[in-house]
Amino acid sequence: MVKQTEFSLPAHPRGFHLITAEVLRQIGPLPTEGLLQLFIQHTSAGLAINENADPSVRVDFEGFFNRLVPENLPFLTHTFEGPDDMPAHVKSVLAGSSVSIPITSSRLNLGIWQGIYLCEFRNNGGKRRLVATVIS
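Letter 31 of the sequence shown, counting from 1, is numbered 67 in this note's numbering, and no numbers are missing.
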């Protein structure tokens with residue numbers, strides 16, 4: 037069986053935001069076993085799975101990505117949407133647009149310190165549309 041749910045996340049400031057609880061709230065009860073595939077319908081934000089315990093991890097991610105892909109690079113040509121736009125596109129390629137998580141005993145089978153992240157790479161990205169597909 038396949039169940040697909042589309043929903044929007046509220047606007048988040050630039051940075052890395054844990055969204056596991058919001059995703060679970062939006063998709064409802066999980067099957068006993070299966071797979072959750074989560075996809076973001078944007079090219080300037082991404083999804084990731086990483087540590088959910090220490091908030092400094094999110095700060096370090098933001099610092100690392102900003103050093104890896106800084107704004108105002110002189111060779112960029114796609115600049116009409118602002119200095120954060122093209123770097124956001126590059127960062128979203130690096131982070132990825134989807135995650136897959138096994139479902140076991142009607143729960144996401146994440147590691148003890150893992151959570152789902154929205155990686156918001158725009159200064160003012162706005163609402164973000166996600167598609168959640170549960171396969172059982």
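Read the hints as simulated data drawn from the structure, not as lab findings.
One or more of the hints may lead you astray.
[Said to hold, decoys possible] Simulated restraints, written as ranges between beta carbons of each label pair:
#	residue 1	residue 2	range
1	P49	S141	21 to 27 Å
2	T113	S133	18 to 24 Å
3	Q73	P119	15 to 21 Å
4	W149	G51	15 to 21 Å
5	I171	N108	38 to 44 Å
6	N86	E107	35 to 41 Å
7	A57	T115	35 to 41 Å
Glycine included, every Cβ here is placed at the ideal spot set by N, Cα and C.
Each hint tested on the structure:
With their beta carbons about 35 Å apart, P49 and S141 fall outside the hinted range of 21 to 27 Å. Remark: the range hint 18 to 24 Å for T113 to S133 is upheld by a beta-carbon distance near 23 Å. Against the hinted window of 15 to 21 Å, the Cβ-Cβ separation of Q73 and P119 comes to about 33 Å, which falls outside the hint. A C-beta distance of roughly 19 Å is found between W149 and G51, which places it inside the suggested range of 15 to 21 Å.
Distance hint check for I171 and N108: the Cβ-Cβ separation is about 43 Å, which falls inside the suggested range of 38 to 44 Å. Taken as a hint, the range 35 to 41 Å is violated for the pair N86 and E107, whose Cβ atoms sit roughly 23 Å apart. Checked against the hint of 35 to 41 Å, the C-beta distance between A57 and T115 comes to roughly 36 Å, which is consistent with it.
In summary, the structure is inconsistent with hints 1, 3, 6 from the numbered list given earlier, while agreeing with the others.
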